[in-house]
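Asks: Sequence:
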Amino acid sequence: MSTVNRINTPSSVMGATGSGKSTFINEASGSDLPVGRGLESCTSEVQTSRPFVLSGRVVTLIDTPGFDDTTRSDTDILSMIAAYLSRTYEHGARLAGVIYMHRISDLRMSGTSKRNFRTFRELCGESLLKNVLIVTNMWSEVKREIEEAREAELRSKDELFKPVIEKGALLLRHDGTLGSAHTILHYLINNHPAALRIQQEIVDEHKLVEKTAAGSELRRTLDEQADRHKEEIRGLRAEMEAAIRVRDEEMRGELHKALEKKQQDHLHIIEQSSQRMASEFAAERARLEARITQMEGEHQKQLQALADLQGEITRVLQEKMQREYLHVRKQCEVFAAEEVEDERRAHELEECPRASALAEEGYQKHHVRSLLEEVEKAYTMKEIAEIAGVKGPEVRGRERLATLEEEKQQQSSATVEVAERVHAHEGERKPARLQDGLEQAKTPENLFATFVRTASLFIFGYFIFLWIWEVLRSLRGCLTASDTWVDYAYYDT
2 MSTVNRINTP SSVMGATGSG KSTFINEASG SDLPVGRGLE SCTSEVQTSR PFVLSGRVVT
62 LIDTPGFDDT TRSDTDILSM IAAYLSRTYE HGARLAGVIY MHRISDLRMS GTSKRNFRTF
122 RELCGESLLK NVLIVTNMWS EVKREIEEAR EAELRSKDEL FKPVIEKGAL LLRHDGTLGS
182 AHTILHYLIN NHPAALRIQQ EIVDEHKLVE KTAAGSELRR TLDEQADRHK EEIRGLRAEM
242 EAAIRVRDEE MRGELHKALE KKQQDHLHII EQSSQRMASE FAAERARLEA RITQMEGEHQ
302 KQLQALADLQ GEITRVLQEK MQREYLHVRK QCEVFAAEEV EDERRAHELE ECPRASALAE
362 EGYQKHHVRS LLEEVEKAYT MKEIAEIAGV KGPEVRGRER LATLEEEKQQ QSSATVEVAE
422 RVHAHEGERK PARLQDGLEQ AKTPENLFAT FVRTASLFIF GYFIFLWIWE VLRSLRGCLT
482 ASDTWVDYAY YDT
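Mind the numbering: the sequence shown is residues 2 to 494 in the numbering used here, read in order.
Hints are not guaranteed to be accurate.
[What the hints assert, rightly or not] List of simulated lysine to aspartate or glutamate pairs, DMTMM-like, C-alpha gap at most 25 Å:
id, residue 1, residue 2
1, K262, E232
2, K262, D309
3, K158, E148
Everything labelled a hint here was simulated from the structure, so no lab data went into it.
When you get a sec, could you build the whole thing from the sequences and use the hints?
Replies: Written out as structure tokens, the structure reads:
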């Protein structure tokens, strides 16, 4: 069960006007930030998305207006972004990374786009480029090969994205889906939060916006524009001088007025840009104080709502686990009871063959004992007859008696030997029968097989008994005949 890390992980999204910054933020966070149509800017101030959870982290995305805004100058935009970033930096916030959006559908990267990216690079600083993602969007299935060639050009040219990629930045694609947006954000959420260069310059080094690296780059851009204006003025002067030479007073007057206006416009732009950069920064910083406080309150409420939701999910999961535990415990008790019952039945089945074997053994011992008693009785009867006074028989009678006695002993020995063999045979088969009965006596088929074996042994013993019985009967007949012969011999003498 995953838990939510309540530490907020903010990331900034920057790029040119119309590059899809607000759309990307809405897709990733489920927010409803206003989205512009066409190339006219819609984001006129810094905004934040509603916090959302991604891989156990609370993520917030910061939407910024583009430097080529259609309603504000680049100096105003830089002052606005610098004011917001410096204020959040003072409150302890650090960015996990920065996403720079770029339209892959643009035929080429214009001079304005290049200047804007240079300003963006100076705003981030060289040390933070490893936390920068350059995301190309607005891919088309129809022009895929052309756009892939543009992507390769962006990656390989020094005047485009190659220098920042070599310093650790990543160039990724966005296909306009939620899964694509979250995949891109996974590259940032585990970064170690760090400060941008402009945050350190304004807060730690107490520099003015126009003195920062980004402000200097923007100033250099304005100077380039001023140089172009000067070139235009020199061209106008040349045209004016040509008009003077041909004494075209009317043309001279128009060119003089255009020259004066161009100079005034140029001076006004330069002065206004420098003044407005400082004043706009101060005004924007003051205005953002209340807005940041309000946004922090809203974020705390949203974070609390996320925590409550996580707690409810945890409670439901715990109840589910408890129910599953009780169910498994009950099943274990049932299985244990069934196992005890099976062991009891197995013990009964084990005792049944053992009792049968013991009964059979006892019967065989009793039968052998009876046979021995019969033989002993016959021997005793012979001794009684001898003691009764049968004396002086003939030699043939004595030899006959000796032969009968020897036959009786042989029959008795044979009977004892047979009984011992039966007992030994049963003793050898007894462990095997007990083991088989223990392993296989749990099925009706095995019970029937055990019964058949027992009956077979009983029948075998019965036939042994009949054979011994016949031997004893023959022995008894012989003894009776011998006694009669002795009596005849006695009376004859």
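Asks: Against the 25 Å threshold, does the CA-CA distance of K262 and E232 hold or violate the hint?
Replies: Since the Cα atoms of K262 and E232 sit roughly 15 Å apart, the hinted pair holds (cutoff 25 Å).
Asks: Please work out if K158 and E148 have their alpha carbons no farther apart than 25 Å.
Replies: Given pair K158, E148 holds - Cα atoms ~15 Å apart, limit 25 Å.
Asks: Are the Cα positions of K262 and D309 separated by 25 Å at most?
Replies: violated (64 Å)
The structure is inconsistent with hint 2 alone, although it conforms to all the rest.
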